[in-house]
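Since the structure of chain A is already known, use the hints to place chain B on it.
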Amino acid sequence: MNDNELITAVRESVADVYTVTPVAHVISRGRAVRARRRIPAVAGTLAVAAGTALAVTTLLPSGHQGLLGSGHPGRHLATAQLAAWTVAKQVNGDIDITINQLKDPAGLQSTLRADGLPVTVSFSGPPLSASCQPDDTGRDILSAVAHFHTSDGRAYLVIDPSALPSGTGVSIFDEPGAGVPLPSPHTPGHRQGSGSTPPAGITGPLAIGLVFASRQCTG
Amino acid sequence: MGVGTQQLDFAEFYRGAADECLRAVLVSVGDQDTARELVDEAFARAWASWRTVSTHPAPKAWVVRTALNAGISRWRRRRREVPVPDPATLANPPAAGGASARLVDPRIMAAVMRLPARQRQVIALRLILDLDTARTAEVLGIAPGTVMAHLGRAMAALRHDLEPELQQENRS
Chain A
1 MNDNELITAV
11 RESVADVYTV
21 TPVAHVISRG
31 RAVRARRRIP
41 AVAGTLAVAA
51 GTALAVTTLL
61 PSGHQGLLGS
71 GHPGRHLATA
81 QLAAWTVAKQ
91 VNGDIDITIN
101 QLKDPAGLQS
111 TLRADGLPVT
121 VSFSGPPLSA
131 SCQPDDTGRD
141 ILSAVAHFHT
151 SDGRAYLVID
161 PSALPSGTGV
171 SIFDEPGAGV
181 PLPSPHTPGH
191 RQGSGSTPPA
201 GITGPLAIGL
211 VFASRQCTG
Chain B
1 MGVGTQQLDF
11 AEFYRGAADE
21 CLRAVLVSVG
31 DQDTARELVD
41 EAFARAWASW
51 RTVSTHPAPK
61 AWVVRTALNA
71 GISRWRRRRR
81 EVPVPDPATL
91 ANPPAAGGAS
101 ARLVDPRIMA
111 AVMRLPARQR
121 QVIALRLILD
131 LDTARTAEVL
141 GIAPGTVMAH
151 LGRAMAALRH
161 DLEPELQQEN
171 RS
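Heads up: the protein sequence lines correspond to chains A and B, in order.
Here the first sequence is numbered in this note's numbering, starting from 1 and rising by one per residue.
Here the second sequence is numbered in this note's numbering, starting from 1 and rising by one per residue.
Just so you know, not all the hints are guaranteed correct.
[Said to hold, decoys possible] Simulated coverage check for chain B against chain A, where a stretch passes if three residues somewhere in it have a Cβ under 8 angstroms from a Cβ of chain A:
id : stretch
1  : 10-20
2  : 23-37
3  : 56-70
4  : 115-121
Just so you know, these hints were derived from the structure itself, not from any lab.
Yeah, the Cβ is synthetic: ideal placement off N, Cα and C, and Gly gets one too.
With the rest of the complex left out, here is chain A (with noise of 0.2 angstroms):
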């Protein structure tokens, strides 16, 4: 048996193996990848905080002093707040938000630009259009970029925009099914509002990236 021989008898004796795996599979997977490799604490940590949502249902403009305080021990220099979520801004320039519920991303991206920060917004999957292109930065730019923070037992991501290297913008988006439980509605700090079951339709956790900054993108 020569060489040729031998190398033939076994690339024959798997040549009969297929992969079986659809590649939106490979994909789905993918995201979920992606999405843990981005601020690990988040990723743990900041899930949406189901059953809290709050009886104010109005968005107020950036610069009104939100209804109810966020317990963050900073200084609020603007607060606006939702039953969704709440955006602060603080002295130094960070940003605190804080997410209660996967509702309005619209609101909270324009919130969140008029602000000054590049961002986009999405609560149906990572943001999937080619003007968004994600930054596959290091993970070390991106812990500068935001953080995740907690006080009086509530959860805030905190993103500070001169952080952000140029030509960036940030991506928050849910990533459904990467297997992370939400928080119990009974846990400690969260105002347990009428409705005790989690939203339909959220599974997962939420997740921070940065994108290439366009208008198309990130305003």
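Leaving out everything else, chain B in the frame of chain A:
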């Protein structure tokens, strides 16, 4: 390159490379279910890093290396042996091995699995993925001469294991 283009290019790459990568990983780990799981994970990671992988000089090698690394990580996490079947079992495969088990030639697979892990990896990259010696060395992080030495030993061992059987088969 937009996300839509990214998906398109990745899908094209996946369709063209997945089978070959799966076979290479299978030759290295010996178990089809494990190989499929590792290759799926590796392609998912390739999608997540597609901007890097798509410009890699040998993206299929990147996938196989990632799959093998994932296998090692899993082994470390689970603190147990690398999921390689017992060669004795492979040499006498059970009749009820399932449809997937019959997709491989059990005699040759058993002979491959008797090789040391590094020799199996060289076989996977050189013979299944058809990488050259330099690229194989780069992927495995060893010297080209070491690749040639592993390949030579692996071929000798396989020939020693398989020649009598295959010659017998050819005569009959």
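Among the hints numbered above, which are violated by the structure, and what are their numbers in rising order? Violated: hints 3, 4.
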